[in-house]
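Undergrad: Here's the letter readout for the chains.
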Amino acid sequence: MKKNKITFLKGKSRYLIPFLCACFIFFSGSAYAQTTVIQGKVKDAKGENLIGVSIKVKGVNSGVMTDVNGNFKLNVPKSNATLEFFYIGFLNQEIALKGKTVLNVTLQEDMKLLDEVMVVGYGTQKKSSMTGSVAQIDNKQLMQAPPANISTMLAGRLPGLTAVQSSGKPGSDDASLLVRGSSTFGSTSPMVIVDGIPRSFNNLDPNEIQSISILKDASAAAVYGMQAANGVILVTTKKGSNQKASITYSYSSGIDENTRFPEFLDGPQFAYYWNKAMELDGKTPTFTESMLNSIKAGTDGFGNTNWLKQIFKTGTTQHHNVSVDGGNDRTKYFISVGYYDQEGNVKNFGFNRFNFRSNVDTKITDDLSLNLNIGGRQENRNNPNTDPSTVVFNAIQMYPFLPMEYDGMEVASVPQYGLLNPVALLNNSGYSKSEMNVFQSNLNLKWNVPFVKGLNLNALVSYDHDYTTSSAFSVPYQLNVAALGYDKITYTSQYAAGFKDPNTNEYESTLYEGFSKAERLTGQFSMNYANKIGLHDITALFLYEYGKYRTHGFGVTGQGFEFDDIQELDLTNRIINYGKGYSGMSTSTPRAGYVGRITYAYDNKYLAEVSGRYDGSYRFKPENRWAFFPAVSLGYRISEEDFFKDAVPFMDNLKFRVSWGKLGSDANVGAFQFYNYIKPISANPQVVIGGQQQKAYMTDVVPNPDLTWEVSTNYNAGFDASFWHGLLGVEFDVFYKVTENILASQSGNYPSSVGNYFPSTINYGIVDNRGFELALTNNSQFGEVNFSARGSLNWARNKIIRIEDSDIPAYQRSIGRSLGEKDGFVALGLFQSQEEIDNSAVVGSNTLPGDIKYKDLNGDGKIDYDQDRTWIGHSSIPEMTFGLNLAASYRNFDFSALFQGAAICDNALMGNYPGIGWDDTQFTRTFYNGGNSPVYLIENSWTPENTTAKYPRLSTQYRYNGYANTMWLFDGSYLRLKNLQIGYTIPKVASDMIHAQRIRCYIAGSNLLTFSHNPFLDPEAPDVTNGYYPQQKNYTAGLTVTF
Amino acid sequence: MKKYYSVIGVVVGLLSFFSCSLEEVPYDKYSEKIIWSTPEKANLYLNGFYTYFSKYGQFGSAQFGTQGVLTDGMTYALKYASTVPAYGTPNDYAYYPDNITSQQNSLDVWPGAYDRIRRIHEFMDGLNKYAEFDASIKTDLEAQIRFFRAYIYFQIMIRHNQFIILDKLTSEKNNPLGSTEDCWKFIETDLEFAAENLPVTRSSSDAGRLTKGAALAYLSRVALFAKQWAKAKTAAQDCINLKDENGALVYELNSSYEDSFRKSYFSGNKESIIEFQYASPNITHDMDLLFAPGGDNGNSAKVTLAGPTQEMVELYELKTGGYPDWSQWHSTTTETPPYDQLEPRFKASILYNDATWKGRKIQAYIDGVDGFHNYGDYQQSNGNTVTGYFLKKVLDENKTVIDGQSVTPYIEIRLAEVYLNLAEAANNLSDDATANSAINSVRSRVGLPWADKSGTDLGNAIKHERKVELAFEGHIFWDLRRWGLAPVELNDVSFHGLRITKTGGTTFQYEYVVVDDHDRKFPELLGKTFPLPLSELNNNSSVEQLPGW
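The listed protein sequences correspond, in order, to chains A and B.
Position one of the first sequence corresponds to residue 1 (the working numbering), numbered consecutively onward.
Position one of the second sequence corresponds to residue 1 (the working numbering), numbered consecutively onward.
Don't read these hints as lab results, they were simulated from the structure.
Incorrect hints may have been included.
[Said to hold, decoys possible] What the simulated footprint calls covered on chain A by chain B, stretch by stretch (three residues with Cβ under 8 Å from a Cβ of chain B suffice, anywhere in the stretch; the number is not a length):
1. 579-587
2. 858-868
[Stated by the list, open to error] With beta-carbon atoms standing in for the labels, derived distance ranges:
3. G579/A / E172/B: 53 to 61 Å
4. H330/B / D387/A: 35 to 43 Å
5. P1022/A / N538/B: 29 to 37 Å
6. N538/B / N505/A: 49 to 57 Å
7. V401/B / A683/A: 39 to 47 Å
[Unchecked claim] Derived, one-sided and incomplete: chain B residues facing chain A with beta-carbon distance under 7 Å:
8. Y30
9. E32
10. I35
11. S37
12. N47
13. G48
14. Y50
15. V84
16. S106
17. W110
18. K168
19. S171
20. S205
21. Y265
22. D367
23. E536
Every residue gets a Cβ at the ideal spot worked out from N, C-alpha and C, and that includes glycine.
Put together the whole structure using the sequences plus the hints.
TA: Shown next as structure tokens:
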């Protein structure tokens, strides 16, 4: 733990303590009428004590748990009662007392741990009889990570899932997830389903989640048809259990700091190196001796400020959750209330969230049950009226030789574009706030049809509604702008931002207020059939689903307040007269589909499944709107064969699986591209005609009535095996996937004289993707130490089979390459002499010693951006990811660690901005834009005295070293101690004193150690960055109390 | 049992509620039929084409790929201060014309222009297919749209001297280049159609739409480039003599030179023939933001992209005719240059040290509020001049807030140019009397004397007059190429400025400095054509790269 102060309980959380006290009083009141005391010990088959086994008197809702030594003690009302024993991973057992008062109980391990219930599309399946490829994580594993948003908690924990977190901004620090890599040019986001409905899951409270599973192959995902090609993530929230209410309170608090960020030059260093660079550029050095002295002394308008230090502080997180879980034979409930608060480590960036959930299951009659899930949350984002990447950009650009303030006013420097002052941006720019309220509900009626055995009918209606109010208040503020003269610094005050009153020319504040809402209504009606006839196990599902998602939003910006103190639109003088000042829009997205699935098993050995979805999308014209996505899979449990049991007795389970199927994606086709439309060029007027400002219209995209969905054909083969009673578990899958009809731009194939009169995109591209996933598990016990390990390794490599390559040399074509592969020049090192330059191919005509020497690939004697690039690096999305989760417990201690990493990827510090072109960045060009530079770059730059330098010539000028090239490419592979948690369960004696069943406290951390190739930036930093919100390292301490 | 029936009833009710309709309509655009349902809506569609004037004109971004980067920067007229791409591209191209290639050429407009040609043809297609209104309205719409087609093709023509003649919508990839002659004829035919069918004046609600005079004026410019002297002469004369329904001249030279390029026709500047009007807050331009001297302040980013060179300044005559002796300012001196004695067009176009501007004095000296630095000292101007001068012609002196919200109109063509077109055409037809009279009209407005000339002398005088009268209006680069003078005047030269140091309260030292850090190059080939873009060559098997490229 670092020494930083952790603030326990602040803000709204302080109300929790009285609440908890009330809970104590309430629940400790259940005193029992004493009769007989039963005591005993619970062990497993190997004779090891079992800790935490629930013991309940049948028919009575009171119970206890075994202590660390497996002992228990319980009062029973009468001596002929029956005790029930429950323990996860073990078979439930009932023991009739028949007068006994001392019991020694042995629980049988549930050897069908593989019979874990897996959540699949529109249902559940037993793991043993599954033929598709599904990976699942339960709440316990999820909670090993410090609570953050869920997507980042999944990194490294599920085989087949790749998570990349590219920002640490509070409220936006989710990881982008990929199931089995990417196999299309467009969106690769998997479909996310929460409790059966498309919803986002990032901001659920982790305590609400029962399990998360990912559907990887077509067999598992075909029931989601046209939206399933990128895989499906299914999230299931917790349900109540048939037990006396248990209340769990958990709390954690943590601190955050940057994983990595480079140091930048300080004032004197800047002046020294700038002068040196000017000399090398053949110019007069800017800083005179007296200026240098002033910088050191902080006089005459100079100073020495570390701007990065001014913006980064230690961030904090807090998390509270109270949940109640309980029920009886007829009604079960799970209720959870959570609060999460994050103060960013960039000052003034904050996020907090309240979560609420109530899941209730009840039987109306014996045949008819009803389930109502209601979830809600509020997300609040509080930021300065600026973007954190702008703040970081300002801090790394700004002159370090300026003081914080001059003449009582914050200063600004103007390296090239606009005024820079990160601190003023954070403190003076106003604010940008949003409050999002989410309401989600599922109402599910299930009727077990009494006349047909195994048949039930379901109707699920779901209604979600969210709305967001946002406001942004912008305050004009002044800065003292520093200008460097020939031997001095001068300041003039200027407004850094703001809008003027057109009449008075005075700067005024503006206030934006916006409202947006979205609602989704979904209905699912299904028939389920499950029956066993002799050795034949049959299940069948038929389902119809229809949903409509609608959004609506509007906003307005007002300008001019008499007083800024109350920010309310009513108090502004007018709608802002820069731009239109108001906006509004709506969308409506309907979807429908028919789902079918039949599974068959013979004697639990031979397994088969057929499934599919007939799916429709409004994005295509009516005639080609519907498509069928089928899948077939087979399984063979050879371990159930007698000959196998005899031959390989140490193997508990071996199952082979194969599957084939088709999945679709309509995500990359915009709506209404099948018809001609005319739209305003802009929401604002464009021309003055007749003295009036008038709007102007133009044609929208050239229509393409033939647009259709992408189809991916999936093949999967794998096996599940377990050895020596679970000591070793192996799951292995290989897959091959071909995606066709990928939307591809065809502009490169038409001459420009056609004027883009052709559909800009057509269904043309083909990408294939192959890979494997391996998961190994081990559960073992050494004396009192329980140990488990779960390792996973994924690899997925895609290849472009067909793409519309524009007019480029053959060696630049992307056919046969992977998506996201990086192109650029090959750097041969740095030029060392004019002579070398004269005899080499160069860019332009201004190359000097110390500039990068590029390889002239087409041998035409000059370096051309369009002609001399080739493939130089992997995509920044890793081809291989791996995770190793270790967990151990010893007596009251528990421990878990997750190592997570990636390989076969490259990180570019500069190069192509997607779709924009190329440029240097602060991390690659010395004094980029005339601003500050990182120390590593300057100290390792080429100068006549340092000719063996790693980086190009020290210069204040723009040079040709900014092209994408191998010099700025780093191997992006990394290994990271992603999570670490050490917990301690307070001895029963102590927890008894507060009538708690269990008290556990822990310390945890994330991103604690990182091993990677680029020592300056986090390995998950975005490619080509000019400053971004860095990834965070987190240290957390927490407590869980169960009553 | 009854319970079940009611449950089934509820479920069936829900099922029927969830129909399976996937029909939707967009909420942000209209079908083509709607837009052609009335002339008013069709006019809104047509409005989109009027934005081409703001895009391809001096205040737009098409001329040199970036707003504020003017083709004048390729000549002695303007020196750009930036050393890096975008704002520094004119310097890059002037020093290293090899950087202009078929893959990369900021001066090229080919792809964007053809995209607009396609949109023009879409409009014509819709007009034929869907418009069911008066023939006269349809003819007016066609005349306007054909003007724009000519306008866009002309942009291609001055760059490549040829283009692919398309006259309707097509997805055909392989189309040949038209001959230079056919191309000019195609443009002229469109303009002639426009001139015949556009009205002389517009009703007040249509004020600002194209008129007959616009087509004639533009035709006089086009014909000059096509060397169709007779056509140019007639068109220019027809434009100059155009009368409205009351018999009054539609266009007249503005008595004030400054107003002639800065004021709208609709604010009484009868010299403006085609203009694009700006209006706050939505339709504005950035010229003040991009060119105001740093000392104008108020703006957060001091850009001041470029300044006129000493060579440009020395083109201005004395008020009384003739030229001052500049030799002592070709070294170092403390004498004040003879700015005050120069003809009025100088002061209207260029800001110099100590000039009065917005109620203050320009401080174009080292460490002045406007400031000076040597070209190359910084990557950008930081508000300073690198020549000792600032460009005044595109600025609005009444604008106190320097933001991107300028509303001075952009005048695409004004009557003074038509007079000079006439003069040049007539001179080439050996009609020196008409030429002398035309040039005299332009000079007499600013009080300059004129002695009739003839032949080549007259031709050279007309060229000189164009350089001065139309300075910084986007002509000079194209005129020099058209005259074949670009490879002469712009090759193997460096241009100059005055580095000014304040030596006392009101005293300055002027030092003649080279503002280029390399000699400029201008190959013959660049004077004739630009290369065709690679994207065309690779996908159109019917064209080959232009000779020499």
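Undergrad: Quick check: which numbered hints come out false for this structure?
TA: Result: hints 3, 4, 7, 11, 16, 18 and 21 break, sorted rising.
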